[in-house]
Structure formats: structure tokens, C-alpha cells
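Use the sequences and the hints to build the structure in full.
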Amino acid sequence: MLAVLGMASVTYALRAGGYWLMGRLPITPRVRRGLEALPGAIIVSTILPIVLKGGIAVGLCLVVAAAAQVGLKKEYVAVFCAAAVAAGLRYAGL
Amino acid sequence: MLEKNVTLSLKGCSQGAWMCLPVFPGIIALGAVFGTVAAQKGLTFLEALMINSLVFAGASQFVAMEVYGDPLAWGTLIAMVGVTGAVNMRMLLIGASLRPWLGQVPAYQTYPSLFLLTDLNWLLALSEYNKGTRDWGIYLGSGLVVWCVWSLAVIPGYFAGSLISDPKAFGLDVVLPAFFAALLVPLWKGKRQTVSWLVTGAVATLTWALVGGYWSIFTGAIAGAAAGAYLDD
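Quick note, the sequences are listed as chains A and B, same order.
So for the first sequence, my numbering puts the first residue at 747; every next one is plus one.
So for the second sequence, my numbering puts the first residue at 265; every next one is plus one.
Heads up, some of the hints might be wrong.
Some but not every residue of chain A turned toward chain B, in silico, with C-beta under 7 Å [unchecked claim]:
1. V750
2. G752
3. M753
4. A754
5. L760
6. A762
7. G764
8. R776
9. G780
10. G786
11. V790
12. I796
13. C807
14. A829
Quick caveat, the hints were computed from the structure, so don't treat them as lab data.
The beta-carbon is built from N, C-alpha and C at its ideal position, and this holds for glycine as well.
Below you can see the structure in the form of C-alpha cells.
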């Protein structure tokens, strides 16, 4: 029970902490540009280990998702395409 | 600098909720698998429910379950809290990047809503913000609905074992990264992003190879943001 509360509070502290900190810092143009670059950087660094772990099959699915997004501009279609390709690849034994 | 036009409406909430619909299968599968893992580890139903709903961060729950052992010693307890913190370290950055938007909302509303912060509603909120949406119901609605689905998904998993024995066969494991990849596309605007992402990729790959685990998300993101901050167009 203590572990549950500990895990819950550490997670919430991190959720709120970054937000709180950014409210205390002066937002200079440099900080603002950094914040603007942050989302893309988080996404890239989150996806990369997944691809490195998952191998070519996962990498291919993400390329499909990105390509579908460029062409169709609909996130959900892109996700569906990627999942379909993944299911197909697994079925084929990759 | 800050625009004073952030609003909150029921319409925005329901729009945010609807936008999460396509990822429900993935969330339900993952939540159910957590229920199964928790049951196998010998947690009581109440404990499984509480971890799932209060911690509300998929990957870290699984890692914590890896560490968990019965009976629970102090060392294990500290390790569980520690790995949870390490895996969720990215929340610091995600929360920080929401500041320009939620900073205009009264604090008594934002801080409770930050409990619902996940990668998913963060991404949705941010891509909507970039499209010009200023209704933070998108964030709130998507957070609430994901929390509800996640909280309920654990129940069948706990009792029925794994309903979907192999989520991989249905491609469910690529749903979240594919969603990320799709949302990355509109963020690309030119040279600054290219350089920033290359720096991110290099640092993240290096960290992943040397340290492993989830640290690469943190180091890569910091490096990429720094590159973005110091690169003048």
C-alpha cells in the first residue's frame, strides 16, 4: 500500500513539477525556442528506442505511419495503416 | 507574449474524448495485460486497481511490477518508487512544454488536471494548439476518457487472464509509436527541426546503447531542445 502511494506521488510530482518549474523561469526568446523544440525532441527520443528494440518490422510500420500522415493528413488512418502492416508482417513471420 | 484567449468548453472536452477513440483498443489491451500481470504477481484486486488508477502511467507500472516481490521489503519498495520515477522522468519535460498553453488557465484548475497528463493527451493537445485551437477541453476531455478506459480495462484483465494472448499479432504494440510518428510530421517546419531531431536521435541512440532503459528519452529530449534553443534561423 505504501508502494502504491509512493509510486503515485512520485509520478504526480513529475507531472506537475515540470509545468511548475517553467512558470518560475523567465521565458526568454531562447527558452521559448527550446520549449518549441521540446515536443519534437521528446517524440523522436521516445520512438527511437522502440524502433531499435523492435527491429526492421517496427521501423517499417512507423515509416508507413509517417508516409500515410504526409499523404492523407489523418492521424487515425495513419495509425490504422501501421497496425495493419504490423499484423501483416507478423502473420508473414517477420 | 502570451495570448489571453484560452477557453474551456464542453464541446472541446467531447472533441478531445472522441479523438482518443482510435487508440482505445491499444489502451484496453495494455490495461488488461497489466491486470493479468498484477494478478500473476499476487496483488489483490484492490491493489491492482489502485496502482492502475493512481499511478496511471502504463510503462512505469509494468517496470514496477518487474521489481515487485512478495513479501514486500523496504528495498523493493524504494526500488519500485525509484524505477517509476525514472520511467516517468519524461513527464517533467512534457509538463514543461505545456506551460505556454495551460499557463493562462488558473492554477487551481491546471494542477488537478495535470494528474491526467499522459503522452497521449499531451500529443493531442499540442497538435491541436499548433493548429490554432485554444480550447483546453481537448486536453481535459482526452485525459479523462483515457483515464476511465484505462481504469476499467484492468478489471477484465485481472479476472480473465489475458483476453488477447498476443497483442503483437494484431499489431497493437505499434499503435502508440505509430501515433507518435504521425504527429511528428506536422511539427516539421524546416532546418531547425531537422538539426534538433538529428541531435536528439544521436544522443538518444547513444544513451540507449550505453545505459539502456528509459534514460534515452530524457537525455535525447534535453539535447534536442537545447539544439533548438541555440539554433538561430
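Hint-by-hint comparison with the structure:
1. V750: holds, 5 Å
2. G752: The hint holds - G752(A) has a Cβ within 7 Å of chain B, the shortest such distance being about 4 Å.
3. M753: holds, 4 Å
4. A754: holds, 4 Å
5. L760: Holds - the Cβ of L760(A) comes within 7 Å of chain B, reaching about 4 Å at its closest.
6. A762: A762(A) check passes; min Cβ-Cβ to chain B is 5 Å, inside 7 Å.
7. G764: holds, 3 Å
8. R776: holds, 5 Å
9. G780: Hint on G780(A): holds, closest Cβ of chain B at ~3 Å, below 7 Å.
10. G786: Holds, about 5 Å.
11. V790: With a minimum Cβ separation of about 4 Å from chain B (threshold 7 Å), the hint on V790(A) holds.
12. I796: Constraint on I796(A) satisfied, holds at 5 Å.
13. C807: holds, 5 Å
14. A829: A829(A) check passes; min Cβ-Cβ to chain B is 4 Å, inside 7 Å.
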